[in-house]
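Number of protein chains: 2
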Amino acid sequence: MYRSHTCGELRLTDENKIVKLSGWVQKIRNLGGMTFIDLRDRYGITQLVLDVESRKDLSTQARQLGREYVIQVTGKVAERSNKNSKMGTGDIEILVDEFVLLNPSDLPPFTIEDETDGGDELRMKYRYLDLRRNPVRRNLELRHKLGFEVRNYLNKQNFIETETPVLIKSTPEGARDFIVPSRMNPGEFYALPQSPQVFKQLLMVAGFDRYFQIVKCFRDEDLRADRQPEFTQIDCEMAFVEQQDILSTFEGMTKHLFKTIKNVDFDFDFIQMTFDEALKNYGSDKPDLRFDMKFVEMKEMLGQTDFVVFDDAEYVGGICAEGCAGYTRKDLDKLTDFVRKPQIGAQGLVYVKCNTDGTFKSSVDKFFDEAKLAKWAEAFGAKPGDLLLVLAGPTDKTRKALCELRLEMGNRMGYRDKNKFAPLWVVDFPLLEWDEKTNRFHAMHHPFTSPKKEDLALLETEPGKVRANAYDLVINGVEIGGGSIRIHNDELQHKMFQLLGFTEQDAESQFGFLMNAFKYGAPPHGGVAFGFDRLTSLFAGIDSIRDVIAFPKNNAGRDVMIDSPSPVAEDQLDELNIELKKAK
Amino acid sequence: MYRSHTCGELRLTDENKIVKLSGWVQKIRNLGGMTFIDLRDRYGITQLVLDVESRKDLSTQARQLGREYVIQVTGKVAERSNKNSKMGTGDIEILVDEFVLLNPSDLPPFTIEDETDGGDELRMKYRYLDLRRNPVRRNLELRHKLGFEVRNYLNKQNFIETETPVLIKSTPEGARDFIVPSRMNPGEFYALPQSPQVFKQLLMVAGFDRYFQIVKCFRDEDLRADRQPEFTQIDCEMAFVEQQDILSTFEGMTKHLFKTIKNVDFDFDFIQMTFDEALKNYGSDKPDLRFDMKFVEMKEMLGQTDFVVFDDAEYVGGICAEGCAGYTRKDLDKLTDFVRKPQIGAQGLVYVKCNTDGTFKSSVDKFFDEAKLAKWAEAFGAKPGDLLLVLAGPTDKTRKALCELRLEMGNRMGYRDKNKFAPLWVVDFPLLEWDEKTNRFHAMHHPFTSPKKEDLALLETEPGKVRANAYDLVINGVEIGGGSIRIHNDELQHKMFQLLGFTEQDAESQFGFLMNAFKYGAPPHGGVAFGFDRLTSLFAGIDSIRDVIAFPKNNAGRDVMIDSPSPVAEDQLDELNIELKKAK
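So the sequence lines, in the order shown, correspond to chains A and B. So in this note's numbering, spot 569 of the first sequence is number 569, and the numbers just go up one at a time. So in this note's numbering, spot 222 of the second sequence is number 222, and the numbers just go up one at a time.
Rather than coming from a laboratory, the hints here were simulated on the basis of the structure. Take the hints with a grain of salt, since some may be wrong.
The list treats identical chains as interchangeable, and a pair is accepted whether it falls inside one copy or across any two copies.
Unchecked claim - Distance condition first, Cα-Cα at most 30 Å in a straight line; then the derived DSSO-like pairs of lysine-lysine:
hint, residue 1, residue 2
1, 255, 145
2, 20, 453
3, 255, 20
4, 372, 465
5, 400, 372
6, 582, 83
7, 418, 519
8, 145, 156
9, 259, 372
10, 27, 86
11, 125, 216
Using the sequences plus the hints, can you model the full thing?
Encoded structure:
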């Protein structure tokens, strides 16, 4: 037996017990004939005391020790003279009687502390050491708890967790597939799933009624800062449901998670905001509703002005930053620089200070007198002391820039508290979006999404205006999940493939089995998928998903710890009937 | 809303309620002006009654219906005149008032009944219809429940479920890897994990203390009847443990599963049988202990005989089949044919009937008189009425054949009841096994398995005799799980790689990161992995794992439903920097 207790377990009530502990040496201090060791494991830290003065043997052993050595000790639990109320075990210490060195340690390349001196690359290379750090390990513990509670909730709701295959079939639609050469079927390949979409739909055809799975998915994309080639979805599907049934079920799940994990009560129905509203009011289909600061559209109010920037603009709109009229020239210059950054792309920023004395001061005083600015203030619902920030330009682009400005102001004004949560459903997404590059419609969600019944007639005439039974769960400006009611009728599905530019042959070879399945009594169904990495990072209060993944890959898709991907032996390729492309 | 209740829910207490149901048409019967429909969903079957005589509209609709049509009905719950006690809903029926056809169905290619007329290939091609059948769906529901209870148990025991990567690195050791070309790293490949072995060990180095994961693993093997290229493991690892700690924890899990899922109580400690004992007594490292019929070794007792078959044999041993002395010539011929089958490989079978009158009759009467046979009977503990079956030959081969004979007799004698469960741990496996083909030692378990401390000295002198801290959980003759205490010392690990014929360079390039991790305070650790497919099939009482997998592949590794693997587009290979091998 390596231990009788963990390092986080002992209390004053255990006084005088003889215990055995194992763990890592966090810290060693020598103090007048005594050596104090902080012994650490996953569960906590316990202070060990070695009387090196009277016990020469212990003294010798203690002298060998260094940080991260693994030791086992036996000793008596004693009350501490100077207690540490910050630690669960802070009332006691162990008077060590026996001592075993289980494994020494080289000096770690960075400190194993909450705040480490290790840079990102180093931490990833030695991820097994990085994972020893409390904040990283706690994220993974949180991930475990979230998964556990998701399953608890869905199990109670009669969902069946069903594994779908990982070795499936490549479909050129959407992002790039990772593919896997088949040795037994020369010249043929499996693909790794970008999502279990068609399988979960087949499970509905199979009458499984309620399916879920916490499942790895794969996308061979050029990785942006916060994308991973393999990621995890909470994937769900239900039969005999309408949109509201799904929203209710998963709003319930979200509330369950917040209650059980963070003790947050949402004792209200989540807002359901249409895609159009979201864009109009917040310039984004994932608005951060931790604060209001809704867009005010000004074009109509303005009418014809002498200010050519406004007159030429398709869109003029702004936000009201409460109590920010005191912003200095420098503050405002910084904001102007912010909106002009290439990734934001506004031409400039118009501001109006609603001074506390009732006067106005704006960057467009030349064009708009106090009376006109007062009218603006009224439209914005601004009070003395507030600051109006206005952008102008093409509608879509300007809304997007204004959204960024709103979020920036939210940050500056302290509205984006990581411990506050503002969930909403965004609904009524467009079914299709026009792709300039390929000059055809793409499915906004995926080709299995059902159009709204009331918009069906538009499919022939104005496909771009058709709304879908599609919805996203957004929390704090982050898309946590999304889904749709699916098409369950093979004719409508055929028409969708047509609209999306599939040839009859392509549709058949890629999705023939699904079309075929729809011929045998497919029930109405729909579902949703949550980004498990993203959900966990939201709960952890961190921005990157990388630190909620035990062994993430870097932006080049590499695992720098195991040094993968890597070349493979020639005969391995031979067996698989492939070879590397010769340089030309 | 598509339904107010499921098809398995309504009882007599719901009488007179107006309800809405949705589901599939299982059966239609016309009876004197009434049409009866069995409406089916995952939860059960409810009888619908359509008064087609007085309601012409319903009559028209009902006439369109066929098997597997999806319909929605509204009606009143009524008491049945002829109740069906076999169905939960058997006391009631629905007097249908409204009727919606949700989706028609082509005639299914096989009947959706518990016993179907569909052959294997057809069922796999239309798996979504096969999954509608109760026995198949129940297996998947069982799988869900098992996974859920595994998680419940391990969560209570402080295990953290942690996802390890699927895109990892190819290592030539062991079975063949599936590999995945990397687009972003031309000429390099990921591999799919055969198990998360090294990652779970790294999580122990990381101080995670207790890890588990229900996880897909991959092996590119030539598939035997009951192998799948992707399969699921319950993968577990613990730090600061000795072998007995792990056995206790997972014996607890096994008991929990049997109790919660099958209401079976194991109120005893599982037998721990050494590998040597298992081979000696049952000729297998996975003995079926639902019945005893232990081997009796006879060589010593026999001494020198006149029977050259015994005298020349390295091994002579047999089993006693209780009460089988009445076997006819024909029965015994069949058994002789059985042991002579090439896959069993015995030369012949010696039998001794212990007649109820106290006499003996054997196939070797010429060589052994009654007194000698009486001595045999005594050695076997045989009573009058029993039958002794004896094989002779080389030890390993003969034990194996005798094992098969024992199982065959177990079948014939009804000892192998699928509702009886006999668990045991097989322990003390050899560390290494000699491979005749490559003329070197292979790791019996895997290269990270720790030798027993007391056998360490033999590593240099007689490596083949070293026993490992390795163990298997065996139930009813099936290996359900296996694991080992791992090496946590980098020197010992290096020595193991040496013994296994790794060059320094190979060990470094393949497992350098693990060796390196061991330098930073690796704790003692060990673990176990259970075959989740196998476990589920054991609980389901079926022999094949295929029917506990939602979408299995056939013996050629093909998914015949989605027709995968399949060729991919040339430009997809181009992007991945590979090409198909040209025929030479």
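Quick one: residue 145 to residue 156, C-alpha cut-off 30 Å, is that within a copy, between copies, both, or neither?
both (17 Å within a copy, 11 Å between copies)
Since the copies are identical, ignore which copy is meant and state whether residue 125 and residue 216 lie within 30 Å (CA to CA) inside a copy, between copies, both or neither.
Classified as both: same-chain Cα gap 23 Å, cross-chain 25 Å, threshold 30 Å.
I want to check one pair: residue 418 and residue 519. Are their C-alpha atoms no more than 30 Å apart within a copy, between two copies, both, or neither?
neither (48 Å within a copy, 38 Å between copies)
Since the copies are identical, ignore which copy is meant and state whether residue 372 and residue 465 lie within 30 Å (CA to CA) inside a copy, between copies, both or neither.
neither (37 Å within a copy, 96 Å between copies)
Using 30 Å as the alpha carbon limit, work out where residue 255 and residue 20 are close: within a copy, between copies, both or neither.
between (42 Å within a copy, 28 Å between copies)
Under a CA distance limit of 30 Å, which applies to residue 582 and residue 83: within one copy, between copies, both, or neither?
neither (69 Å within a copy, 75 Å between copies)
My question is about residue 255 and residue 145: at a cut-off of 30 Å on alpha-carbon distance, are they close within one copy, between copies, both, or neither?
Classified as both; 15 Å inside a copy, 24 Å across copies.
Could you place residue 27 and residue 86 in one of the four classes (within, between, both, neither) given a Cα distance threshold of 30 Å?
Answer is within: at 17 Å inside a copy they meet the 30 Å cutoff, but 68 Å across does not.
Up to 30 Å between alpha-carbons, please classify residue 259 paired with residue 372: within, between, both or neither.
neither (49 Å within a copy, 78 Å between copies)
Are the CA atoms of residue 20 and residue 453 at most 30 Å apart within a copy, between copies, both, or neither?
This pair counts as between: shortest inter-copy Cα distance 22 Å, intra-copy 68 Å.
At most 30 Å between CA atoms: does that hold for residue 400 and residue 372 within a copy, between copies, both, or neither?
Within one copy only: 26 Å inside a chain, 98 Å across chains, cut-off 30 Å.
This entry does not satisfy hints 4, 6, 7, 9, going by the numbered hints stated previously.
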